[in-house]
Amino acid sequence: MVTLENYKGQVPAWCPGCGNFPILKSFKEVMVELGIEPHQFTVVSGIGQAAKLPHYTKCNTFNGLHGRTLPVATGIRLANHEMPVIIVTGDGDCYGEGGNHLMAAMRRNINVKLFVHDNQIYGLTKGQPSPTTGEGMVTKNMPFGVITEQFNPMALAVALDCSFAARGFAGDPDHLKSLMKEAINHKGFSLIDILQPCVTYNKVNTYDWYRQRVYHLESDYDPEDRKAAFSKALEWGKRIPIGVIYRNHRPTFEERLPMIAGKPLVHQAFDLTKIQTAFKGFY
Amino acid sequence: MVTLENYKGQVPAWCPGCGNFPILKSFKEVMVELGIEPHQFTVVSGIGQAAKLPHYTKCNTFNGLHGRTLPVATGIRLANHEMPVIIVTGDGDCYGEGGNHLMAAMRRNINVKLFVHDNQIYGLTKGQPSPTTGEGMVTKNMPFGVITEQFNPMALAVALDCSFAARGFAGDPDHLKSLMKEAINHKGFSLIDILQPCVTYNKVNTYDWYRQRVYHLESDYDPEDRKAAFSKALEWGKRIPIGVIYRNHRPTFEERLPMIAGKPLVHQAFDLTKIQTAFKGFY
Amino acid sequence: MDYTIKIGGEAGQGIQTIGDTLARVFSRTGCYVFSHQDYESRIRGGHNFYQIRLSDKPLSASKDSVDIIVALDRDSVTHHERELKEHGRIIYDSSALRLKYDKPSFLDIPFADLAVQSGGDRIMVNTAATGAVLGMLGMELSHFLDIIGETFRKKGDEVVLANKNVALAGYEHAVKNCTRCSFSVIAGAASKPKMLIGGVEAIGLGAVASGCKFYSAYPMTPSTGIMNYLAAKEKEYGIVVEQAEDEIAAINMTVGASFAGVRSMTGTSGGGFALMVEGLSLAAMTETPVVIAVGQRPGPATGFPTRTEQGELQFLISAGHGEFPRIIFAPGTPRQAFSLTNRAFDLAEKYQIPVFILFDTYLADSQWTLDGLDASRVLYMDYRLRGDAFKQVADYKRHAFTESGISILGVPGDAEHLVVTDSDEHDEEGHIVEDAATRVKMVQKRLDKKLPLIKREIASPFVYGDHKPAVIITGWGSTYGVMKEAVDELSKSRSIAMLHYSELFPFPHTERFDYVRFLQNAKQTICIENNATGQFSRLMRAETGYAFTTHIHKFDGRPFTVETLVGEINGHLGKL
Amino acid sequence: MDYTIKIGGEAGQGIQTIGDTLARVFSRTGCYVFSHQDYESRIRGGHNFYQIRLSDKPLSASKDSVDIIVALDRDSVTHHERELKEHGRIIYDSSALRLKYDKPSFLDIPFADLAVQSGGDRIMVNTAATGAVLGMLGMELSHFLDIIGETFRKKGDEVVLANKNVALAGYEHAVKNCTRCSFSVIAGAASKPKMLIGGVEAIGLGAVASGCKFYSAYPMTPSTGIMNYLAAKEKEYGIVVEQAEDEIAAINMTVGASFAGVRSMTGTSGGGFALMVEGLSLAAMTETPVVIAVGQRPGPATGFPTRTEQGELQFLISAGHGEFPRIIFAPGTPRQAFSLTNRAFDLAEKYQIPVFILFDTYLADSQWTLDGLDASRVLYMDYRLRGDAFKQVADYKRHAFTESGISILGVPGDAEHLVVTDSDEHDEEGHIVEDAATRVKMVQKRLDKKLPLIKREIASPFVYGDHKPAVIITGWGSTYGVMKEAVDELSKSRSIAMLHYSELFPFPHTERFDYVRFLQNAKQTICIENNATGQFSRLMRAETGYAFTTHIHKFDGRPFTVETLVGEINGHLGKL
Ligand SMILES: Cc1ncc(C[n+]2csc(CCOP(=O)(O)OP(=O)(O)O)c2C)c(N)n1
Ligand SMILES: Cc1ncc(C[n+]2csc(CCOP(=O)(O)OP(=O)(O)O)c2C)c(N)n1
Ligand code: SF4
Ligand code: SF4
Ligand SMILES: [Mg+2]
Ligand SMILES: [Mg+2]
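Protein chains in written order, with this note's numbering: chain A, 1 to 283; chain B, 1 to 283; chain C, 1 to 576; chain D, 1 to 576.
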């Protein structure tokens with residue numbers, strides 16, 4: 001029986017009070033509650049504060065480059081689609097440097113779980129604006145404030161028909177845990193944008209700021225109505241909805257690949273003798 | 001007085017019957033009708049069949065790399081925001097390789113005009129699927145057909161609050177010309193996705209295929225209603241709307257930069273003597 | 001017997017169909033064939049050509065002088081008439097070119113009319129032309145008829161029959177009218193059918209034979225052929241071929257698939273590889289095996305998309321931030337392309353490093369005849385720790401320190417052991433660290449310990465010609481064939497040899513064969529490169545201190561031909 | 001006088017504030033200062049330190065032995081106590097460390113209490129500590145009080161006053177209690193205030209002084225400081241600084257802005273540069289001037305984000321597909337960083353090529369004192385054809401063939417002439433071509449004609465020490481300072497000199513100064529590099545055939561210090 005002990009890792013190098021702590025805690029608890037063992041799945045992460053998470057727990061880990069989690073995760077899934085893959089990344093990593101891969105992955109509907117620790121800032125590099133940084137925020141390298149419109153991951157997800165798109169909040173771990181479970185159990189590409197206070201570099205979007213705004217989606221809200229989902233996705237300001245914004249049941253990329261219908265590539269034996277037929281093709 | 005003569009360029013290397021011809025023709029006519037002279041604007045293009053367009057007419061030209069038109073155009077605008085910049089690109093160039101720049105440019109609302117010759121295929125490289133290729137299309141490198149969901153540029157544009165997003169059709173030049181003029185006159189980032197038959201590699205989305213489907217947006221359609229625009233953007237199949245799908249009047253990136261409020265960077269003289277103040281900063 | 005046939009025309013006129021078909025007919029007849037192509041970066045129009053050489057002796061390059069020109073457009077005449085040999089012939093259809101040439105060397109064959117009259121259709125002009133060439137060469141039609149059967153089977157018997165009739169019509173017309181044709185094709189000694197294969201297919205075939213299971217790439221000339229070949233084999237060999245959203249994704253997917261436990265590869269050209277450079281460094285830091293095929297074309301930037309150059313050797317040697325080992329192979333023939341691709345997969349996995357196949361447009365597009373490939377000589381050893389074997393190990397650290405620097409590559413999920421790796425500097429388990437001591441040991445593991453072992457795997461360069469040569473021509477990669485024929489040509493009058501490198505980096509040891517001494521003993525050494533700066537010559541100097549006495553560079557986007565190379569060499573030797 | 005002060009503590013405790021303030025006080029007092037930092041890739045916690053050396057004689061490196069340690073955490077004691085000199089002192093606040101050390105070398109100063117008692121606030125502990133250090137050194141407080149005024153002005157008089165009181169309290173406490181402190185600071189001869197500047201600011205300042213108007217980058221250590229510096233100057237100097245969505249966008253924006261007519265620059269680290277490689281080749285093909293600052297940190301991949309290495313020299317030399325000229329400068333000091341950045345802008349525009357400033361974390365973060373910079377020696381010449389001048393030219397071709405290979409760079413829109421360029425091979429007008437003849441002429445224009453002119457711009461390496469040395473230590477970039485002090489140290493007992501390269505590529509001519517002969521005449525030549533493979537030594541061999549007799553490599557992510565380098569050199573010389 002897997003317990004929290006199995007998920008003990010390095011001591012986090014995050015700042016005291018960082019919003020990453022409750023997310024890490026939720027992550028571990030979810031794994032334990034789902035009875036998944038550390039060797040049964042792989043975490044792919046990029047570079048940033050959030051991306052250090054796998055070192056602070058236990059799991060198969062590919063901690064890759066800044067912004068490139070999705071292609072790595074896609075490669076892993078195509079080689080072994082029986083291996084659950086969770087991606088832990090930041091708003092800069094995933095929405096900034098990695099934007100092109102995000103669009104491609106949503107369209108492919110590759111069955112990975114994408115957890116974005118969205119602190120609306122570049123934390124590890126000491127506070128530059130990220131795509132989700134609010135307009136007007138002043139940083140060292142933007143003395144006149146951000147003038148690029150804030151990126152809305154939920155709106156993008158609905159527009160690209162993302163299979164599962166939710167928003168969570170580090171300050172509401174129980175709700176976050178239920179989202180994580182739902183995402184893990186959902187068949188298809190699943191994004192959770194997790195509002196994560198950065199106590200050091202983001203003095204605007206603090207725990208309080210979020211607490212005053214976030215609310216759970218109405219019980220009668222239907223995430224499978226795409227147009228309604230788009231309207232909901234645009235809601236950001238006085239009130240910020242958390243929960244599953246959009247969901248559909250498109251077939252996954254893996255399901256549609258005839259070559260791996262039988263078993264995962266990684267378990268398909270290689271038979272050198274068959275090469276003769278390929279040789280014949282050149283006569 | 002500028003005439004079509006002024007816009008004569010190399011003989012196009014396109015296939016006879018290619019949808020690029022009417023687009024090129026419309027482009028030249030629009031410039032003449034707007035009374036713009038070849039040296040008064042710059043065309044930035046990438047790599048692909050569409051991207052060869054500037055060589056087939058006359059204009060300041062930066063024919064750059066595959067997928068990188070938008071950053072180059074952004075650099076040009078920031079250096080000289082009095083220089084109109086038109087980008088000519090393909091669906092692979094702009095929605096494939098260049099996807100991350102597309103999202104960033106829409107959010108910045110950099111005031112460039114993006115004309116995407118969307119033939120739903122990679123033409124120059126002999127027929128691989130592009131992001132807009134329909135599911136199921138079989139190509140040499142996709143013998144089992146495309147299984148990635150087709151990219152919808154209009155939906156993305158609405159989701160990212162793109163200042164001006166329209167769809168045109170190479171087979172309806174008059175309508176296309178009016179869109180081009182509107183885009184050029186619009187203050188803000190403007191995208192026209194131009195349906196362009198590729199007679200050689202796209203045997204599905206032919207002139208006929210489009211003709212049977214495209215229709216002009218209803219006269220009472222309001223492109224400034226974002227949610228309605230999203231629903232309209234999702235319309236693709238039996239009927240395909242052409243016209244201005246979405247429009248807003250956000251301030252442009254250039255307008256919001258205090259450093260260039262006076263005059264363009266390129267016309268700001270450099271005064272070496274001022275360096276002394278900078279030196280003082282280190283005492 | 002040594003004939004050269006050139007098919008010229010616009011893009012889209014089907015010169016490739018004619019060329020491929022003729023080459024196939026010749027190889028099935030048992031002839032030796034060498035073919036190469038020259039085309040523009042456009043889909044229709046312009047002027048392209050396809051050149052086929054056939055002989056009863058092995059061939060490895062193209063000649064400038066031509067025996068038969070199939071002119072599908074006027075440019076074929078204006079550009080290539082001068083290349084015609086004394087008894088050469090140009091066949092064309094005056095109705096198509098809307099021009100009549102009345103010189104004895106021209107033969108006007110109404111391909112279109114023949115096609116229509118023999119119950120076919122205008123689009124079968126190429127079938128008529130192909131038949132005509134075979135007629136002029138006095139060959140049988142049977143192989144061509146078989147090929148027609150195979151090609152058009154799917155289109156139904158009618159189409160097959162029609163094409164066969166058209167082929168026959170073209171054939172007979174030529175036999176009847178090419179009275180002064182003095183060609184006669186002898187297939188040579190062992191005239192059993194030969195294998196006909198191009199460089200790019202040979203790389204694809206090599207990947208299949210090496211158990212490659214994953215290939216991700218973004219289309220780019222001249223590498224796209226690898227993706228197309230593997231895609232065609234996806235189902236049969238259980239390979240996943242995925243077109244990535246960009247080259248960055250391509251290499252990162254490749255790394256991911258390899259991490260997950262399958263042999264993985266990506267391919268591109270110089271410009272696409274430029275976008276993979278960061279991913280290359282990732283593969284190195286995480287010690288994930290990857291094979292990368294890079295097809296050179298003239299740069300910088302977009303350059304000449306469909307032409308050839310040897311411009312990326314130095315780029316590949318130093319690509320990637322940070323310091324790490326890599327292997328670079330540059331095959332000179334389809335046979336080498338096959339076997340070096342196979343070794344690339346073996347070595348990438350054995351040492352957990354990136355291995356390159358550096359080719360170019362010329363090699364990619366030229367077809368060679370082989371007496372066959374030997375499956376028994378294919379290397380296949382699975383170095384990964386899987387399933388039960390992995391379960392049985394007591395404890396596991398992905399980046400454990402070892403004598404050899406190689407730590408076992410476990411397949412994540414196959415056992416309870418965790419497989420952890422990181423692009424940050426890490427400890428033996430793969431977790432991020434900051435301390436100096438671990439850093440030093442990791443650099444020693446990845447670099448200092450592996451390097452000597454890797455060096456030992458690299459074969460000596462290939463020598464051909466005189467054993468105590470006064471002149472040595474040296475080259476690498478795709479110039480192999482043309483250098484070889486140049487040596488054959490020049491040995492008639494001089495003491496000359498060639499030194500060819502297909503295993504370039506790490507640079508070969510001089511222990512087994514002291515090529516530096518070999519070079520020093522020659523009076524003149526000429527480094528031949530299809531580039532402007534002499535990248536190999538720089539590598540030689542950096543590695544050995546040796547400087548060549550002379551250089552021959554070609555950087556117009558075209559390959560060397562035997563005559564031009566021989567001419568240039570003689571020019572330099574004259575200077576002696 | 002030669003004192004070293006080390007401030008140690010966790011990230012976020014403000015050791016940088018203390019360090020920067022002390023360094024500024026010293027430089028204003030007229031002392032020579034050298035400071036460097038060591039920190040982890042985290043924002044809070046861990047253990048970092050900031051080391052300052054001050055003297056009445058010029059300094060260029062850090063020493064291992066320390067006079068005063070300001071211990072804000074226990075690790076400062078455990079890690080650094082051993083570095084303390086005989087009469088050295090460690091000051092700390094036992095209430096903060098929750099530990100009392102009773103050794104004579106320790107001085108417990110209640111920074112927090114002092115802050116509170118003197119009417120301040122706990123967060124002013126650093127002010128107290130800074131004051132205490134100045135007290136121990138027997139310096140006046142005035143400069144510190146000024147700095148407090150400048151720093152906290154915006155926060156209002158109250159804060160200023162409170163801090164001043166706290167400073168005084170710390171100062172007096174130290175004076176009173178550090179009875180056995182034997183330090184005395186003499187500012188040296190011309191004790192007028194000195195300029196204090198770090199490597200990364202010097203690059204930024206160099207860009208401003210060169211008329212740089214556009215800077216686009218994506219944040220990456222150690223290059224982010226350039227963006228921050230330029231952003232702070234945006235308004236005053238009319239510079240647009242844009243954070244790009246990724247590094248690919250950064251370099252393409254830079255190229256675009258330069259095409260449009262302004263001096264443009266980008267900066268990054270090795271990993272970010274890996275993503276700019278394709279754009280580099282674009283700049284070269286379109287002959288668009290760009291300046292690229294690359295800050296080295298240990299690789300491969302993410303490596304050690306906040307540490308130092310000299311690992312990208314070979315990468316930069318060969319980065320980019322295709323063949324084209326480039327210049328690589330590697331400054332060894334902030335002064336060189338300033339002047340070489342200025343020359344980079346001049347040469348990039350003069351020859352229409354990419355020019356690199358190759359620096360590293362060590363140079364970026366270390367601060368030096370200068371007797372000032374001379375604006376009259378700054379190069380500024382606008383090579384572009386603008387406005388009326390452009391209008392007046394009869395006809396214009398962007399890539400016109402010329403004697404020098406340089407064709408005039410016109411500003412699009414300023415005249416009726418069209419400015420056309422293409423990443424494809426192109427003709428003089430900039431339009432796409434396919435023919436061999438134009439290709440050859442364009443390669444000659446871009447490469448063969450420009451290269452010799454560019455080579456002439458490169459200065460000889462810097463020599464320091466004995467004129468007929470038995471031993472020569474050679475290095476490049478940021479090792480300048482430590483090598484210089486090592487030579488000072490070693491010359492006492494040996495015939496030794498240093499050879500330092502800050503202008504690396506194209507490799508300097510041997511005509512003006514035959515450094516190869518110079519090296520050959522020495523008994524032993526040691527190549528010193530902050531990397532594992534000896535990248536400079538490989539460059540030297542490739543360019544000149546010369547091989548060094550000995551190598552010293554350091555690749556643990558930390559810089560050389562004088563003592564360690566001297567020790568290593570002696571070790572090797574012992575072997576003679
Ligand atoms: C190619 C590349 N560019 C830049 C960096 C530097 N870098 C490291 S983390 C980071 C941003 C992190 O922001 P985010 O993804 O939001 O993570 P956070 O630290 O906020 O959790 C950057 C720019 C890098 N490592 N690699
Ligand atoms: C970095 C890079 N990758 C790939 C290529 C090869 N390439 C040239 S054009 C093209 C696709 C063109 O498709 P699209 O943009 O739709 O233009 P079209 O030819 O269809 O008009 C590709 C993949 C390239 N030139 N550069
Ligand atoms: S900087 Fe911000 S995100 Fe990073 S650890 Fe500190 S609080 Fe968390
Ligand atoms: S391939 Fe298609 S897109 Fe390209 S020129 Fe031909 S028809 Fe036009
Ligand atoms: Mg963040
Ligand atoms: Mg297209």
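Calculated directly from the structure, the hints in this document are not laboratory data. Just so you know, these numbers come straight off a predicted model, no measurement behind them. Beta carbons: idealized from backbone N, C-alpha and C, even for Gly. Incorrect hints may appear among the rest.
[Claimed, not checked] Chain A side only, calculated, beta carbon under 10 Å to chain B, not exhaustive:
id, residue
1, Gly99
2, Ala104
3, Gly134
4, Asn152
5, Phe230
6, Ala233
7, Leu234
8, Gly237
9, Ile240
10, Pro241
11, Arg250
Violated constraints from the hint list, given by number and in increasing order: 3, 8, 9, 10
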